[in-house]
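In the order they appear, the protein sequences are chains A and B. Number 58 in numbering that gives the first Met the number 0 belongs to position 59 of the first sequence; there are no gaps in the numbering. Number 157 in numbering that gives the first Met the number 0 belongs to position 158 of the second sequence; there are no gaps in the numbering.
A few of these clues could be false.
Repeated chains share a single entry, so a pair holds when one copy, or any two copies, can fit it.
[What the hints assert, rightly or not] As a list, the in silico DMTMM-like pairs of lysine to aspartate or glutamate whose alpha-carbon atoms are at most 25 Å apart:
(1) K63 <-> E76
(2) K129 <-> D145
(3) K43 <-> E78
(4) K198 <-> D94
(5) K129 <-> E78
(6) K201 <-> E77
(7) K194 <-> E96
(8) K93 <-> E78
(9) K139 <-> D149
(10) K201 <-> D189
(11) K201 <-> D112
(12) K43 <-> D192
(13) K80 <-> D45
(14) K140 <-> D112
(15) K63 <-> E96
(16) K140 <-> E76
(17) K9 <-> D41
(18) K140 <-> E26
(19) K80 <-> E132
(20) K80 <-> E97
(21) K43 <-> D112
(22) K139 <-> E26
(23) K178 <-> E77
(24) K129 <-> D41
(25) K9 <-> E26
(26) K129 <-> E26
Quick caveat, the hints were computed from the structure, so don't treat them as lab data.
The residues making up each chain are set out below.
Protein chains: 2
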Amino acid sequence: MLVGALYTIKSITGVIRPCITSVLPKENGGIGLILDVGINADCKPDVLNQFASLGSLYATHVHKLKNPRIALLNIGEEEGKGNLLCQAAYNLMKDSEEYNFIGNIEGRDLFNDRADVIVCDGFTGNVVLKQAEAFYALTKKRGITDEYFDRFNYENYGGTPILGVNGSVIIGHGISNAKAIMNMILHTADVIDAKLSSKIKKAFQA
Amino acid sequence: MLVGALYTIKSITGVIRPCITSVLPKENGGIGLILDVGINADCKPDVLNQFASLGSLYATHVHKLKNPRIALLNIGEEEGKGNLLCQAAYNLMKDSEEYNFIGNIEGRDLFNDRADVIVCDGFTGNVVLKQAEAFYALTKKRGITDEYFDRFNYENYGGTPILGVNGSVIIGHGISNAKAIMNMILHTADVIDAKLSSKIKKAFQA
Numbered sequence: 000m001l002v003g004a005l006y007t008i009k010s011i012t013g014v015i016r017p018c019i020t021s022v023l024p025k026e027n028g029g030i031g032l033i034l035d036v037g038i039n040a041d042c043k044p045d046v047l048n049q050f051a052s053l054g055s056l057y058a059t060h061v062h063k064l065k066n067p068r069i070a071l072l073n074i075g076e077e078e079g080k081g082n083l084l085c086q087a088a089y090n091l092m093k094d095s096e097e098y099n100f101i102g103n104i105e106g107r108d109l110f111n112d113r114a115d116v117i118v119c120d121g122f123t124g125n126v127v128l129k130q131a132e133a134f135y136a137l138t139k140k141r142g143i144t145d146e147y148f149d150r151f152n153y154e155n156y157g158g159t160p161i162l163g164v165n166g167s168v169i170i171g172h173g174i175s176n177a178k179a180i181m182n183m184i185l186h187t188a189d190v191i192d193a194k195l196s197s198k199i200k201k202a203f204q205a
Numbered sequence: 000m001l002v003g004a005l006y007t008i009k010s011i012t013g014v015i016r017p018c019i020t021s022v023l024p025k026e027n028g029g030i031g032l033i034l035d036v037g038i039n040a041d042c043k044p045d046v047l048n049q050f051a052s053l054g055s056l057y058a059t060h061v062h063k064l065k066n067p068r069i070a071l072l073n074i075g076e077e078e079g080k081g082n083l084l085c086q087a088a089y090n091l092m093k094d095s096e097e098y099n100f101i102g103n104i105e106g107r108d109l110f111n112d113r114a115d116v117i118v119c120d121g122f123t124g125n126v127v128l129k130q131a132e133a134f135y136a137l138t139k140k141r142g143i144t145d146e147y148f149d150r151f152n153y154e155n156y157g158g159t160p161i162l163g164v165n166g167s168v169i170i171g172h173g174i175s176n177a178k179a180i181m182n183m184i185l186h187t188a189d190v191i192d193a194k195l196s197s198k199i200k201k202a203f204q205a
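Isolated chain A, as found in the complex (with noise of 0.2 Å):
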């Protein structure tokens, strides 16, 4: 699908790596979104921080997110934490004036109200997005029903538009049933209705 994409409709001039997000749901009944989720699995720094910019417009456009807090997902909360990827990436994207960066978040914050957008390489977005598909299957295993817990449910959001192609494209799960198909189809009119290619591509040309 994102091969089909990106030779059929070409990336934005000047995006380097499309990327797909994924929900993380809060615990007070928000969303944070994360990306990438696996189809950049090696990534430079400029590349992170296009995704946060990405990331900032879906975010703000689709999901209607009031300057969206951006944090970088790393192993300390400091500036210099972390593997050589996240201490280059921060300082690119400390001083950005096109999103609104809000430092280092760690694994322990995935869930919580401190940022509304999460970047990370595909690798560990695409580790984190399986654990927690791991740890519904299993409160689902255990006969936990809990209305926080059933938001991890991906059929509850059904797909992610591969963020800084030349149009709208979004895909889902592999496994997705009617409802899961459904909530893709809705979420697909918000993408169109939103025009975020168009503003990726305006905001990519500035």
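Based on these hints, arrange chain B on the given structure of chain A.
Coordinates of chain B only, in the frame set by chain A:
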């Protein structure tokens, strides 16, 4: 603590980077181990290969697991998947005669019984560990009492040895309470009784 251990008692000859571990409770009642969980944010493939050996020795001699199954944490199951680090590490690990490599596993497998020891760089492992802690905290906050999820409480395990140093050094959570410290002391006794440091030394001299 790590710096102190490295300066005072040094790494075992041949060990490129010592590492630390965490317990992952399995839903079937057993435990898995994951390493590194935070002291090596950037790893080379040969370092991951050594983590596999260190984890296998720890699982065998201290946790008394027979011929422990070693897996590489990745974002796809097939050989060739993942970031450049995992692709190269897989090539080193697949023919190992020092441990029982079973291939790649994904984030969804962290709590099932596919592997006994899960190898990853310290950045990924730290995010996994803190995400698991966040989930456990959320179950408590939601008033969920479940004997499986209760096994995620770090107090049950107390601490982890620093694998690969010339002696028995155990580190614990900065917020350790009495129960955690009791279990840390008991685990220290297990590590000493198993002569883990000597066994690692012998393996790395072979």
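(request) If the cutoff is 25 Å on CA atoms, where do K140 and E26 land: within, between, both or neither? Let me know, please. (result) This pair counts as both: shortest intra-copy Cα distance 21 Å, inter-copy 10 Å.
(request) Go through the copies and call it for K9 and D41: within, between, both or neither, with a Cα cutoff of 25 Å. (result) within (20 Å within a copy, 33 Å between copies)
(message) I want to check one pair: K178 and E77. Are their C-alpha atoms no more than 25 Å apart within a copy, between two copies, both, or neither?
(response) Close neither inside one copy (42 Å) nor across copies (30 Å); limit 25 Å.
(request) Can you give me the call for K129 and E26, within, between, both or neither, at a CA distance of at most 25 Å? (result) Classified as both: same-chain Cα gap 19 Å, cross-chain 16 Å, threshold 25 Å.
(request) Have a look at K63 and E76 and pick one of within, between, both or neither, based on CA distance no larger than 25 Å. (result) neither (27 Å within a copy, 37 Å between copies)
(request) Measure nothing new, just compare the shortest in-copy and cross-copy C-alpha distances for K201 and D112 to 25 Å and report within, between, both or neither. (result) neither (29 Å within a copy, 49 Å between copies)
(request) First find the shortest C-alpha distance between K201 and D189 inside one copy, then the shortest across copies, and answer within, between, both or neither for a cut-off of 25 Å. (result) Within one copy, since 19 Å is at most 25 Å while 62 Å is not.
(message) One pair to classify: K201 and E77, alpha carbons no more than 25 Å apart. Within, between, both, or neither?
(response) Result: close neither inside a copy nor across copies, 33 Å intra and 39 Å inter.
(request) Go through the copies and call it for K63 and E96: within, between, both or neither, with a Cα cutoff of 25 Å. (result) within (19 Å within a copy, 55 Å between copies)
(request) Classify it for me, K140 with D112: is the Cα-Cα distance of at most 25 Å met within a copy, between copies, both or neither? (result) between (27 Å within a copy, 15 Å between copies)
(message) I want to check one pair: K80 and E97. Are their C-alpha atoms no more than 25 Å apart within a copy, between two copies, both, or neither?
(response) within (23 Å within a copy, 33 Å between copies)
(message) My question is about K9 and E26: at a cut-off of 25 Å on alpha-carbon distance, are they close within one copy, between copies, both, or neither?
(response) Neither way: K9 and E26 sit 37 Å apart in one copy and 44 Å across, limit 25 Å.
Of the numbered hints stated above, those contradicted by the structure are hints 1, 6, 11, 12, 21, 23 and 25, listed in ascending order.
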